[in-house]
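Engineer: Listed here are the chains, written in short residue letters.
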Amino acid sequence: MAQRMTKLSEEKVFKDPVHRYIHVRDRLIWELIGTSEFQRLRRIKQLGTSYLTFHGAEHSRFGHSLGVYEITRKLINVFEKEPEWDPNDRLLCLCAALLHDIGHGPFSHSFEKVFQTDHEHFTREMILGQTEINAVLRKISDDFPRKVSDVIGKTYENKLVVSMISSQIDADRMDYLLRDAYYTGVSYGNFDLERLWRVMRPREDQVVIKKSGMHAVEDYIMSRYQMYWQIYFHPVTRSAEVILTKILHRAKTLYHNGFKFKYVPTQLMSLFDGQVTVEDYLKLDEALILYYFQVWQEEEDQILKDLCYRFMNRKLFKYIEFTPMDLSLYDELRETFLDAGLDPDYYLVVDSSSDCPYDLYRPGEEEEKLPIYLVMPDSQLRELSRESDVVDSITGKKRTDHKLYYPLDAIMALPSHSKAKKKLRSLLSI
Amino acid sequence: MLEDHAKIVSLLEQAGEVVGRKKLQKIIYILKKCDIPFQEKYHFHFFGPYSEELSLRIEELCNLGFVNEVKETKGGYYQYRYTSTETSKEFLSHFDIHMETIEPLIQELNNQNSKFLELVSTILYFDDLSHEEIIEKVQVVKKKQNYSLDDIEEAFSFITSIKRLNTKVS
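Going line by line, the protein sequences match chains A and B.
Heads up: the first sequence begins at 1 in the working numbering, then just goes up one per residue.
Heads up: the second sequence begins at 431 in the working numbering, then just goes up one per residue.
Just chain B, with the same shape it has in the complex (with noise of 0.2 Å):
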């Protein structure tokens, strides 16, 4: 009951704070694609993997006062921050989640910028096609981001960082 709604609150409460909806649900699709049990179905969209059920989730943690939710106003868009709250520890004392061991992790996920994960994540949505096929496919889905193949190689040795990382820590 609710557990799924408990591990979004736990990440938050390692991460401290993920500033922006976008870089949140990349993060969460990137632990998924890490193996790490987040249920949210993803499907792709404009921007990369996207999940309604994670969006209404958080919505539901910030009604239910677990979540945090800050909108700010950042060069004429809106941008919002996510914290969890005090409130939100007695809530986690009834489950059994440890998302503390993956803290690395997430922190690593989190030093990025919502750009890059985006990138990230939609390499990783495309992993079960070869790593030219993949770079031909990024370059026509995110023709108006304009990643250049340094970024995608960037990226790639991301992944494999933090594949390693999660290695490490699970």
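With the rest of the complex left out, here is chain A (with noise of 0.2 Å):
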């Protein structure tokens, strides 16, 4: 117990461009950011893909995990002074803060549709297993670890904590859509977060929100709202994300065919086996992936070879809206994809909405999961889509879509003779 008083000599400051300023005052916060697998995320972006599309987007999960930390240091600040809020929880909920996306991998999403791996796993492993981080966070007391880790898997049993970190409406959400907002270049994701976290309060179960900043709330749902549709889930990164899982699946495949590569993925064996440990796991990160797609060109199977080139060159799929009632066309455009010698299980994709990492503000019907609730003059909770026609408005509406993905330079390479060119054209309206 002896580090939980303990603080820096001297405050630590980060400069930061959505924050103006993270401050560190405690020892633990400090060393915990030292550790190999907290400066780990330098190397790890925190939109993946979106750089193809939005080339400020090279930010990194290092710089929106302390954006988080911060946003859950300024809300104690608010919260202590409210009978629901025990101080004693305060170190703890700055650690979850800090470190509830360690687990992330490079691109993490691809990785853990084609390696069936889960960050939340990784997580856990990297805060109650033998790493650095486990070490400094054992300095305050043997069960910190497992305090820690429990919140950030919304398993601890005070929910005010998990809810501050994990909820419709906590730290990680508003510092992304910020972060992300600035980093991409648009405008259309902000919103005024120092009111926001000046009108929450601390409940028994969770985070609640004044009803004087219902507007407030407004704002940061429709930030939700536009950064979903024009950022997360952008066609054009959706499209680089398709090539990304494909390289994966094509390297998998080879490897398991026992393909001579010329540049042997040893970093990834362990994934391509379904054996990775936590140290392999330490060992990726998007230098080392992007290293393989860079020399990957040279190999010579013609589909890695290729789609590594794309990726590495910006030469995205194009798309067509696709509805899934008529599988007739997509059987049809199979066949005349061989027909052509391209491979339609790496050329032809559908990606669907569901495929996306990113939700929509949902009210929590049928207790699906936990609502925004407002806080009424008379204490009573009001679910915000009840209170709020512009919520409403947005909420429980179509938000569904599906395209299909093509490679229209390589159809449009195929000799003009070619009667399956004609086909793909006239199936696809090119």
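Be aware that one or more of the hints could be misleading.
[What the hints assert, rightly or not] List of simulated lysine-lysine pairs, DSBU-like, C-alpha gap at most 30 Å: (1) B/K462 / A/K154; (2) A/K315 / A/K260; (3) B/K519 / A/K423; (4) B/K519 / A/K159; (5) B/K573 / A/K81; (6) B/K471 / A/K113; (7) B/K462 / A/K113; (8) A/K305 / A/K421; (9) A/K154 / B/K519; (10) A/K159 / B/K504; (11) B/K574 / A/K154; (12) A/K252 / B/K471; (13) A/K211 / A/K7; (14) B/K574 / B/K462; (15) A/K403 / B/K501.
I should point out that these hints are in silico values taken from the structure, not numbers from a laboratory.
Got two chains here, separate frames each, mind docking them using the hints?
Structural biologist: Below, the structure written as structure tokens:
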């Protein structure tokens, strides 16, 4: 317990474009930031492949994690005046905020799809296993790493603490919306962060919002809505994601078929074998993945070579809106792709909104998800969309979408007399 | 392509009807834990394991006309009923999915109420812990639901029975 009260002799600050300054006074937080596991987050982009659409989106999970910490710190300053807040939870909450993304790997979403890994599993392993982070956390107490892991895993007994880091209005979302808007250069992701944390109140089970703060929350929900459609589900970003996923699939398949790589993916073998350990996982970052994509352009396998070339040089797939009600079109396209010498398993891909790792606000009907509650003047709680016409108007509306991705350039490069080319141009209306 | 969507439709076809979003969420989670290859990612939420991916996939299926969703008001709150539609049959014919082999398991789960399935899925979420640790954890994370020790033991027995049922049918 000795370190619980230990403060740095002098406050440390990080300059940050979203929060201006990020303030660190606790030695524990400072030491966590210095661990190799946390520093690794500098080499993992927050927005994955979005930089191929919005060139500014090169920011890392390192900056985002500091941002979530900073918002949580400010929120605690507000909560400290409230009777529902237990000051003993302060450090636990700050550690969970800082470490909530520690288990993310390079291009996490695609990796998880292809290799069936789970960043939440690695988060637990990095906090509870033999890591530098674990050693720092144990300076507080032997059970402190477990508590931090439970808060991040949303299984901690104090739901209020959990909801500050992970709920439909939490420090995580507030930071990534503002940060992603800033780095992508768009204006519609903004909302009044300071107003929001000033109207947040702690309750037994979750953070709630003062009724007078409803318009600030409306802005936040609109930001989430706009960012979802304009940034997170951007069709060009999705195209890059599709190609990235196919590269990983191809490399894995080749590895299992005994293909002789010129550039052997030693660091990826445990992933291919489905036996990745934390030690293996910690060695992965985007620099390494992009290295392989760069050198695999020289491999003998035409598909791997081509897909890597496309990703590295932004020669992405084009898309059409696709209605899966008519699967005969898809079947016909597959056959024609084969006739044209294009493997449809790699060059004809349907991408759906449910493949996107971001979500929109849900009013939590039937207890599927805890909604945002407003505290009314009579102290009763009301679900946000029942009070706000703005939120109600975008809640429960159609928000699904399917696109069919294909390599336009490869189709157009087919000989002009090719029957397959003619048919594909007709089927895809190109 | 859309095979994961087809599995959900096929499940609904076997179930006949599933009443409640929470129930559908928990049924698929429990089936996953019985090694039925659903791919939706689940995380722990306030009301137990929940998959946003699944919620969106169901929404997609409704918008495509393969799943029918009926919203009902029940004692001041909403409840949703899910069935597969006639048009989904053509969609399913494109896939080699045989959910009928686990039909008894699906029926057994569908016969339970959502509160009980919430308990069962919560126990399964912590299945890397010991029996005693699971009980302790359930009582911590489900304080509000007031599950008794008998409820928890009943859920454990239910898990054993469905796993046995799964071995028989698979």
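Engineer: Quick check: which numbered hints come out false for this structure?
Structural biologist: Hint check: 4, 9 and 13 fail, others pass.
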